[in-house]
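Work out the full structure: start from the sequences and follow the hints.
Protein chains in written order, with my numbering: chain A, 19 to 361; chain B, 81 to 691.
Honestly, I wouldn't trust all of these hints.
As the list claims (entries may be wrong) - Partial chain B-side listing against chain A, Cβ under 7 Å, derived:
1. 298
2. 310
3. 358
4. 359
5. 378
6. 382
7. 537
8. 543
9. 544
10. 554
11. 558
12. 560
13. 561
Read the hints as simulated data drawn from the structure, not as lab findings. Here a beta-carbon is modelled for each residue, glycine too, at the ideal position from N, C-alpha and C.
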Amino acid sequence: MTHGNGNGRPLQLTAKDFKSDQEVRWCPGCGDYAILSALQSFMPELGIPRERLVFISGIGCAARFPYYMETYGMHSIHGRAPAIATGLSVSRPDLSVWVVTGDGDALSIGGNHLIHALRRNVNIKILLFNNQIYGLTKGQYSPTSELGKVTKSTPMGSLDYPFNPISLALGAEATFAARSIDTDKRHLTEVLRKASAHRGAAFVEIYQNCNVYNDGAFDAVREQRENRIVLEHGRRIRFGADGERGVIQRADGSCELVDVADVGEEALVVHDENQEHPSLAFALSRLAHTPHGPTPIGVFRNVDRPVYDELMQEQLASAAQLSGEGDLEALLHDGDTWRVDGH
Amino acid sequence: MTKPVEKLDQVIIRFAGDSGDGMQLTGSRFTSETAAFGNDLSTLPDFPAEIRAPAGSLPGVSGFQIQFSDHDILTPGDAPDVLVAMNPAALRTNVGDLPKGGTLIVNRDAFTERNLQKAGFEGNPLEDGSLAEYHLHEVPLTNLTLEALKSIDITKREAERSKNMFALGLMSWLYNRPTEGTLSYIERKFATRPLIAEANTIAFKAGYAYGETTEDFAVSYEVGPAKLPPGTYRNVTGNQALAMGLIAASTQSGLPLFLGAYPITPASGILEDLARRKNFGVRTFQAEDEIAAVGAALGASFGGALAVSTSSGPGVVLKSETIGLAVALELPLLILDIQRAGPSTGMPTKPEQSDLLMVLYGRNAESPVPVVAASTPGGCFDAAIEAARIALKYRTPVFLLSDAYLANGSEPWLLPDVSSLPDISVLFATEPNVDGEFWPYIRDESTLARQWAIPGTPGLEHRIGGLEKQDGTGNVSYDPDNHDHMVRLRARKVAGIAADIPELDVDDPDGARLLVLGWGGTYGPIAAAVRRVRQGGGRVAHAQLIHLNPFPRNTGDVLRRYDRVLVPEMNLGQLLKLVRAEFLVDAVGYNRVRGLPFRSDELANAIEAML
Chain A
19 MTHGNGNGRP LQLTAKDFKS DQEVRWCPGC GDYAILSALQ SFMPELGIPR
69 ERLVFISGIG CAARFPYYME TYGMHSIHGR APAIATGLSV SRPDLSVWVV
119 TGDGDALSIG GNHLIHALRR NVNIKILLFN NQIYGLTKGQ YSPTSELGKV
169 TKSTPMGSLD YPFNPISLAL GAEATFAARS IDTDKRHLTE VLRKASAHRG
219 AAFVEIYQNC NVYNDGAFDA VREQRENRIV LEHGRRIRFG ADGERGVIQR
269 ADGSCELVDV ADVGEEALVV HDENQEHPSL AFALSRLAHT PHGPTPIGVF
319 RNVDRPVYDE LMQEQLASAA QLSGEGDLEA LLHDGDTWRV DGH
Chain B
81 MTKPVEKLDQ VIIRFAGDSG DGMQLTGSRF TSETAAFGND LSTLPDFPAE
131 IRAPAGSLPG VSGFQIQFSD HDILTPGDAP DVLVAMNPAA LRTNVGDLPK
181 GGTLIVNRDA FTERNLQKAG FEGNPLEDGS LAEYHLHEVP LTNLTLEALK
231 SIDITKREAE RSKNMFALGL MSWLYNRPTE GTLSYIERKF ATRPLIAEAN
281 TIAFKAGYAY GETTEDFAVS YEVGPAKLPP GTYRNVTGNQ ALAMGLIAAS
331 TQSGLPLFLG AYPITPASGI LEDLARRKNF GVRTFQAEDE IAAVGAALGA
381 SFGGALAVST SSGPGVVLKS ETIGLAVALE LPLLILDIQR AGPSTGMPTK
431 PEQSDLLMVL YGRNAESPVP VVAASTPGGC FDAAIEAARI ALKYRTPVFL
481 LSDAYLANGS EPWLLPDVSS LPDISVLFAT EPNVDGEFWP YIRDESTLAR
531 QWAIPGTPGL EHRIGGLEKQ DGTGNVSYDP DNHDHMVRLR ARKVAGIAAD
581 IPELDVDDPD GARLLVLGWG GTYGPIAAAV RRVRQGGGRV AHAQLIHLNP
631 FPRNTGDVLR RYDRVLVPEM NLGQLLKLVR AEFLVDAVGY NRVRGLPFRS
681 DELANAIEAM L
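Okay, structure coming up:
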C-alpha cells in the first residue's frame with residue numbers, strides 16, 4: 019500500500035515495520051499473539067505513517083500490547099486508557115488513537131470511562147480482548163465470567179451476573195460495535211478495517227483464549243464454526259454447517275434462532291448495520307449472553323454521528339472567528355479597569 | 081438638600097441575607113463601584129454550599145464582606161464596622177461579629193413573627209432593646225422597594241427581589257460610591273428582560289434617594305482613593321487570576337492549553353472561565369469523573385499540550401494514581417487544588433490549608449511532585465505561570481495550591497506588563513538521540529529532564545508506561561540497581577529545582593528575634609497582623625513560602641537565624657511538621673480550622689504572646 023506521509027516520501031510499510039524490538043512476553047499459546055499478528059499485518063493497509071499512530075492501554079495481559087507495536091504508545095494505569103486516549107485524540111486530531119484493553123480493564127475498573135468515551139463518540143478505536151478471566155493476577159473471575167464460575171476468588175462459584183459487552187456498548191450509545199475472534203484472522207481483519215474507517219468511537223470485542231486460566235472459554239464459537247452467526251451487512255442472517263439455521267425478528271423486536279426450513283428464507287432478518295435505531299443490533303447482541311452456543315460475530319452497528327473531536331475543533335474555530343484570535347493583553351484588560359497615576 | 085460628608089480612612093462592610101436575597105451580587109457590585117473609585121479593597125464572600133437552604137433559616141444565610149480604604153490593605157478585615165442584615169437569620173448569625181458602637185442596617189419588613197421564629201429569636205430584637213449598643217437603622221426595605229416599583233408591570237415577587245438593589249443604592253449613597261457602573265451593569269445583565277432591568281434601576285435609584293432624603297441618615301461618608309503603585313488595575317478573584325494565568329502560561333509556552341476537569345466547589349469557576357476562552361485555542365473537557373479529568377489531561381500532555389486538571393481535595397485524592405503515572409512517565413502536568421475544609425465532603429465553600437501533606441505524600445511509593453502555593457488572589461496569576469514553568473522545564477507533574485478564600489476573595493490587581501512575562505517555551509525532540517534511535521529517557525544533565533518527543537514526530541516512535549524503566553532506553557526493567565537509581569534520580573530531579581526558584585524573602589525591617597513563617601493564602605492576614613504588631617512597637621519578621629517542594633534553598637538559613645519561629649496554618653500543623661523534620665528547628669504552630677480565614681487581630685495576639 020502506498021500513501022503520502024506528508025513529507026514527500028511514499029509510504030510503503032509492511033507488517034514487519036510495526037514490530038518493535040521488544041521481546042513479546044505473553045504465555046505460549048495465548049490468544050494475544052494472534053491478535054498482535056493480525057493487527058501488525060493490517061496496519062500497513064491503513065496508509066497512516068507510524069508516527070501518527072498511538073496505542074494506549076491500561077493494565078492487564080492485553081495492556082502489554084503497545085510495547086510490541088513500533089508506533090507511539092503508552093502503557094498506562096488500570097482502566098484509564100479511554101480517558102487518556104480521549105485527551106490525546108481531542109487535542110491531536112491528526113493522530114490515529116487506539117485503545118487496547120481487556121474485560122477487567124474496560125468493563126470493571128474502567129467501565130465509567132468506556133461508556134463515556136462511547137457516548138461522546140470520541141475518535142478512538144477500542145479493542146477489548148475478552149478472555150472472561152483475570153489473567154495477569156492469576157485467575158480471578160472477571161465481569162464477563164459466566165454466573166457460577168469457579169475461580170480462585172470464587173471457590174463456590176461466581177455470584178456476579180456477567181456483562182454482555184456488545185449490549186453494554188450499544189446501551190452506551192456506541193456508533194460502532196463489533197465482535198470477532200482471535201484466531202480468525204480474515205474475519206478480525208475485516209472488522210478492524212471497518213472499525214478504522216468509522217468516524218468516531220469504534221468498539222471491537224475480540225474473543226481471546228487464555229490457555230492458562232480459562233482455556234476453551236470460547237470453544238463453542240472458536241472451534242465449532244457452525245455456532246458462528248456471521249453478521250453481514252445487507253444479507254439475511256443464516257448460520258450452521260450448511261446455513262440451515264437462521265435468525266428471525268419477533269413482533270416484540272427480539273430475535274430468535276430458527277431452522278430456515280421451518281420459516282422460509284424470506285422470513286429471515288436482513289442485517290442492517292447502518293440502521294439508525296439500535297434495536298436490531300441490540301436484539302442480535304441478546305442472542306447469546308455468553309458465547310456458549312450460537313453467537314453473532316461481525317459488525318452489529320455502524321452509524322454516523324457527530325464526532326466529539328471534530329465538534330470541539332469547530333467550536334475553537336468559531337470562537338476564534340467570533341471573538342478574534344486570543345490576545346493576552348486584551349484578556350487581562352477585559353472588564354472594569356482603572357488607572358492609578360504616579361505620585 | 082446637602083448632608084455633611086465625613087471622611088474615613090477605611091471601612092469594613094458586611095452584607096448578609098438569605099441566600100435567595102442576592103447578597104453576593106450586591107457585594108460584588110459594591111466592590112466594583114469601590115474599585116472604580118480607586119480605593120484599595122479586599123473582599124470575602126461567605127456563603128453556604130446549599131444553593132437555596134430553606135428561606136429565612138440560619139444555614140441559608142449568605143454574606144459578603146468588603147474592606148476598602150485610602151491606603152493599601154491586606155485583608156477583608158476582621159470585624160465589620162457596618163452590618164447590613166436583610167432578615168432576622170442574617171442578624172442572628174452576624175451580629176456577634178459587630179463591635180459595640182457599630183452601624184447596623186436592617187430590613188425591618190423581614191422581621192416578621194415567622195422569620196423571627198425561624199431564626200430562633202424569642203422576641204423581636206428590634207423592639208426589646210437588645211440592639212441598643214449599635215447605631216441601628218431600621219429601614220423598611222421591602223415596602224420601600226414595592227412602593228417604588230408599583231407602576232412597573234411585574235409581579236409582587238419580582239418586585240420584592242429588587243430589594244437588594246435598593247439596599248445597594250442606599251449603601252452607595254452612604255459611602256459616596258460612583259453609580260454609573262452598576263446602572264450599566266443592570267442594563268447588560270437584564271438586556272433581554274427590559275421590565276426587570278427597569279425595576280432594578282428604579283430600586284437602586286430609590287435606595288440612593290432614600291439615603292439623601294431620610295432623616296435616619298444624617299451624614300454620609302467618604303473614603304478617599306488609595307495611593308497604590310501606578311498602573312492599570314482591575315479587581316480579580318483568585319480563580320479568575322488562575323484562569324488568566326493558565327492562558328498566559330499557554331501563550332508564553334507556545335503550547336495549546338488543555339483542561340480536564342470535573343465540577344467541584346470551589347474550583348468550578350476556573351473551568352467555567354476557561355470554557356469561555358476557546359478563541360485562545362483552549363480545550364476544556366468536562367470529564368465523567370475526577371479520574372478521567374486528569375487522565376485526559378495526561379493524554380493531552382503526551383500529545384504536547386500544556387495540560388491541566390483543576391479540582392479540590394476530595395477530587396484530587398481520586399487523581400493520585402494518575403499523578404503517580406505522570407511522575408513515572410515524566411510528563412508535564414498541572415494539578416490545581418483549590419483547598420476546602422475537610423475531611424471528606426467537609427465544608428465545600430470554606431477555606432482550609434489541610435491538603436499540603438496529601439499533595440506531597442498522598443501517592444503510592446516514592447513519588448516526588450513539586451508544589452507551588454498562591455498567596456493572594458492576584459498572585460494566583462503568577463503562581464499559574466510558575467507552576468507551568470516548572471512542569472514544562474522539568475517534565476513533571478506540579479501541584480498548585482490555592483484555597484476557597486483566595487478563590488472567591490478579590491482585590492485590586494496591578495495588571496502585569498505582558499512583554500515582561502517569562503518565556504517558558506520548550507523544545508520537543510525532533511531527532512534520534514542514540515545511534516539513530518530515540519531513547520525517551522535520555523536526560524538534560526543540568527535539569528535531569530528527559531527528552532520529550534511527541535507523537536507525529538517521524539522516527540522517534542517510542543513507548544512509555546507506568547512499569548519501572550531502564551534509565552535512558554525507557555525499556556521495562558526489574559533490575560534492582562536500576563530501580564534504586566531511578567527512585568533517587570526522580571527525587572534528585574525535583575530537589576534540584578531549588579536552584580531554579582527564588583530565595584525565601586524575609587520582611588524584617590527591625591532585626592527581629594521572632595519569625596512568622598506562613599505559606600500560601602494566609603499571606604494577607606499574617607502580613608496585616610505583623611503590621612499591627614509593629615505599629616505597637618513589636619519587632620517581628622515575616623516570610624511567606626510560595627514554593628513548598630522543594631523549599632527555597634535558603635529556607636534553613638532563614639529559620640536558624642531567628643530565636644523563635646511561629647508557623648500559623650489553617651490546619652493542625654502540616655508545614656510545621658515539615659520544617660521541624662527538614663530543618664530541625666523548634667518552630668511552634670498557631671492552628672485554626674474554623675473554615676474561615678485568620679483574623680489579623682488573633683494572629684497579632686499570637687505573635688505578641690511570643691515576643
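Structure-based check of all given hints:
no.	hint	in the structure
1	298	violated, 31 Å
2	310	holds, 4 Å
3	358	holds, 4 Å
4	359	holds, 4 Å
5	378	holds, 6 Å
6	382	holds, 6 Å
7	537	holds, 6 Å
8	543	holds, 4 Å
9	544	holds, 6 Å
10	554	violated, 10 Å
11	558	violated, 12 Å
12	560	violated, 19 Å
13	561	violated, 21 Å
The structure does not agree with the numbered hints 1, 10, 11, 12 and 13 stated previously, though it agrees with the rest.
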